[in-house]
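> Take these sequences, add in the hints, and give me the full structure.
Per this note's numbering, residue -9 is the first one in the sequence shown, and the count goes up by one each step.
It is worth saying that the hints were derived from the structure and are not from the lab. Some hints could be false.
[To be verified] Derived BS3-like pairs: lysine-lysine, alpha-carbon spacing no greater than 30 Å straight-line:
| # | residue 1 | residue 2 |
| --- | --- | --- |
| 1 | Lys121 | Lys60 |
| 2 | Lys29 | Lys64 |
| 3 | Lys205 | Lys179 |
| 4 | Lys97 | Lys85 |
| 5 | Lys179 | Lys370 |
| 6 | Lys250 | Lys85 |
| 7 | Lys64 | Lys121 |
| 8 | Lys179 | Lys121 |
| 9 | Lys626 | Lys589 |
| 10 | Lys13 | Lys64 |
| 11 | Lys29 | Lys85 |
| 12 | Lys13 | Lys60 |
| 13 | Lys64 | Lys85 |
| 14 | Lys97 | Lys29 |
| 15 | Lys250 | Lys196 |
| 16 | Lys85 | Lys205 |
[As the list claims (entries may be wrong)] Label-pair ranges, simulated between beta-carbon atoms:
| # | residue 1 | residue 2 | range |
| --- | --- | --- | --- |
| 17 | Phe230 | Leu194 | 49 to 55 Å |
| 18 | Glu39 | Tyr173 | 47 to 53 Å |
| 19 | Glu496 | Pro420 | 18 to 24 Å |
Bear in mind that the values here come from a model prediction, so they are computed numbers and not experimental data. In this text, a Cβ means the ideal position worked out from N, Cα and C, and glycines have one as well.
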Amino acid sequence: MIRPIRVLHLEDDARDAEVIHHKLEVEGVACDIVLARSKDSFEAALAREPFDLIISDYNVPGYDGTSAIKRAQKEQPDAPVIVISGSLGEEEAVKCLHIGATDYLLKHHLDRLAPAVQRAIHEAEEHRRRKEAEQALRLREQRLSSVYATVADCLFHIEVETDGRYRFISVNTAFLSTTGLNYNQVVGKRVDEVIAEPSLSLVLAKYEEAIRESKVVRWEETSDYPNGRLTGEVSIAPVFDDAGSCTHLVGAVHDVTERKQLEAQFRQAQKMESVGQLAGGIAHDFNNLLTVINGTAELALRQTQDGDPLHEDLQEICRAGERAAALTRQLLAFSRKQILQPQVIDLYQVAAEMQSMLRRLIGENVSLVVAPAEAPCSVKADPGQMEQVIANLAVNARDAMPQGGQLTIETQNVEIDERYARAHGAAVKPGPYVLLAVSDTGAGMDEATRARIFEPFFTTKEPGKGTGLGLSTVYGIVKQSEGFIWVYSEVGHGTGFRIYLPRVAEGPSVKRHNSTVTSTHGTETILLVEDVRGLRHLATRMLVSAGYTVLAAANGEEALLLLERADQAVHLMLTDVVMPGMSGRTLAERFGATRPGMKVLYMSGYTDDAVVRHGVLDEGSAFLSKPFTAVELVRKVRDVLDSEG
-9 MIRPIRVLHL EDDARDAEVI HHKLEVEGVA CDIVLARSKD SFEAALAREP
41 FDLIISDYNV PGYDGTSAIK RAQKEQPDAP VIVISGSLGE EEAVKCLHIG
91 ATDYLLKHHL DRLAPAVQRA IHEAEEHRRR KEAEQALRLR EQRLSSVYAT
141 VADCLFHIEV ETDGRYRFIS VNTAFLSTTG LNYNQVVGKR VDEVIAEPSL
191 SLVLAKYEEA IRESKVVRWE ETSDYPNGRL TGEVSIAPVF DDAGSCTHLV
241 GAVHDVTERK QLEAQFRQAQ KMESVGQLAG GIAHDFNNLL TVINGTAELA
291 LRQTQDGDPL HEDLQEICRA GERAAALTRQ LLAFSRKQIL QPQVIDLYQV
341 AAEMQSMLRR LIGENVSLVV APAEAPCSVK ADPGQMEQVI ANLAVNARDA
391 MPQGGQLTIE TQNVEIDERY ARAHGAAVKP GPYVLLAVSD TGAGMDEATR
441 ARIFEPFFTT KEPGKGTGLG LSTVYGIVKQ SEGFIWVYSE VGHGTGFRIY
491 LPRVAEGPSV KRHNSTVTST HGTETILLVE DVRGLRHLAT RMLVSAGYTV
541 LAAANGEEAL LLLERADQAV HLMLTDVVMP GMSGRTLAER FGATRPGMKV
591 LYMSGYTDDA VVRHGVLDEG SAFLSKPFTA VELVRKVRDV LDSEG
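Okay, structure coming up:
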């Protein structure tokens, strides 16, 4: 059922009002009419309730038609106004229409009343719908504008010009903040003025594909901007006009630079971990073999004289064995399987005390600058290993500057925030660190070389010029010291290594001086436990030659039986750490209950997590690294036997 039209009728003559109302009723226009016979009642009705239509006499005592029209438009602007007058001239009629009346009629000619009312109501309804649609459109545009401005992805709008070129006509805030470009550098510019090669060719090809195939096209793109090299997942969609011509492209870029960096770091970490496990395993086996080779050659060397050809051959074997032992130590450093002796040190003092040695190491054509630190740079690390890190980086810098240059070493206290930590790998934790920065002015490296510099045996030097283990050793020491290392390099502009080690609050430890062992011989009884037969036989010979009595066992079970049957006192147990069956640590705990006075010396060529689990790194545990010489063995044995406790 259609609702009657709500009409406000301004008319002071009751008879005229009745004629108009009757005319509408006869014409079938359903109306609910409120009659106002004066200015006051008219304005009160306007203020009181809404109307669909206003009919106004042009001449009301004390109130003219133009005033009524203006008042109606002010109070109810959406309600159409029809002016009816007994004698309205053409000039007045035009004036009424000009100020907003929908139509005008003469009282003696009302044939057009019903059509005029119906037309006015129809136009008002159309106007209302159009206004609602425009309001909804504005609201939608505001929402889209809000999304466009606040969305995290980069959004852009491109005009396809008639000559086939592309021009940016709008970008959102994220586009500008991500790339580092400002508004005037993008909006109004052609795409080829914003994006450089080699990315430009790919971008234009994708635009053409989207237009040609009338579909959304997606791809991954890496481009250089003021904020650096950015990688994004791009999508572009064409917009066509009624004639089928592409007029615009709208696109979005999801920045995946950080994700790509983290993925690359994760792959590199996995790669380095795998190589480290392999290197550690090789070093373990080699240490056992080298202990036998070097030790046997040393014993044989004692039985020959200078000038004897065999003496010279044995010396060559010893020298080669020492070089091989140095290589295995570097492999263990890389694989983070060394026994470290950490203490609190000032990293700046370590670097400062090395200056004389470093100047001899790098040569006269390279200047050395060790920048002073503003405050103590305290870390907990093995001082000898830190010296090796600095020396290895200095040698690497020297080789990168054959024509001379400058080597700079700096230390400072820094705070790593979450943003920097995320950018440099998942293993990096925010917090206080000490930065050791070693930079040179040498040849620099390209990206492919930089990605491999920490791999064992990777080198860009000529054959015979290096082992490729220097930077691998640095990497392993830093990682085992719970730090991380980052490399910045550019071809022709030098290289900078930035090492971050966790900062500690306490001051540097007081250096401890070991007492000098005056004699290496003895008469005590030693229980030797070693699962490698050749090494067990060699260590027995070394100890017996120094005057000791040796009980040798191949494993923990054998050692237990030997100790049960032994009549004499056993003063020291020399045991391998990791053995099949019973570990050296477990064996020592078993003997601790029955032989509380027996001292223990651990030895191992493979110092991985198993060693940590067995407590070898606890303060007070005596440890001998493989490979060792006869002199090192008997000196360490004597030192442990003579120690207190």
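> If a hint holds in the structure, say so; if it doesn't, say that too.
Results for each hint:
1. Lys121 <-> Lys60: holds, 21 Å
2. Lys29 <-> Lys64: holds, 15 Å
3. Lys205 <-> Lys179: Holds, at roughly 25 Å.
4. Lys97 <-> Lys85: holds, 18 Å
5. Lys179 <-> Lys370: Measuring from Cα to Cα gives roughly 55 Å; hence the hint is violated.
6. Lys250 <-> Lys85: violated, 72 Å
7. Lys64 <-> Lys121: holds, 17 Å
8. Lys179 <-> Lys121: violated, 36 Å
9. Lys626 <-> Lys589: Measuring from Cα to Cα gives roughly 12 Å; hence the hint holds.
10. Lys13 <-> Lys64: At roughly 29 Å apart (the allowed maximum being 30 Å), Lys64 and Lys13 satisfy the hint.
11. Lys29 <-> Lys85: Within the cut-off at roughly 20 Å; holds.
12. Lys13 <-> Lys60: Between Lys13 and Lys60 the Cα gap is close to 26 Å, so the pair holds against 30 Å.
13. Lys64 <-> Lys85: Measuring from Cα to Cα gives roughly 17 Å; hence the hint holds.
14. Lys97 <-> Lys29: Status holds; Cα separation ~20 Å.
15. Lys250 <-> Lys196: holds, 22 Å
16. Lys85 <-> Lys205: Cα-Cα ~56 Å, so violated.
17. Phe230 <-> Leu194: 49 to 55 Å: violated, 19 Å
18. Glu39 <-> Tyr173: 47 to 53 Å: holds, 51 Å
19. Glu496 <-> Pro420: 18 to 24 Å: holds, 21 Å
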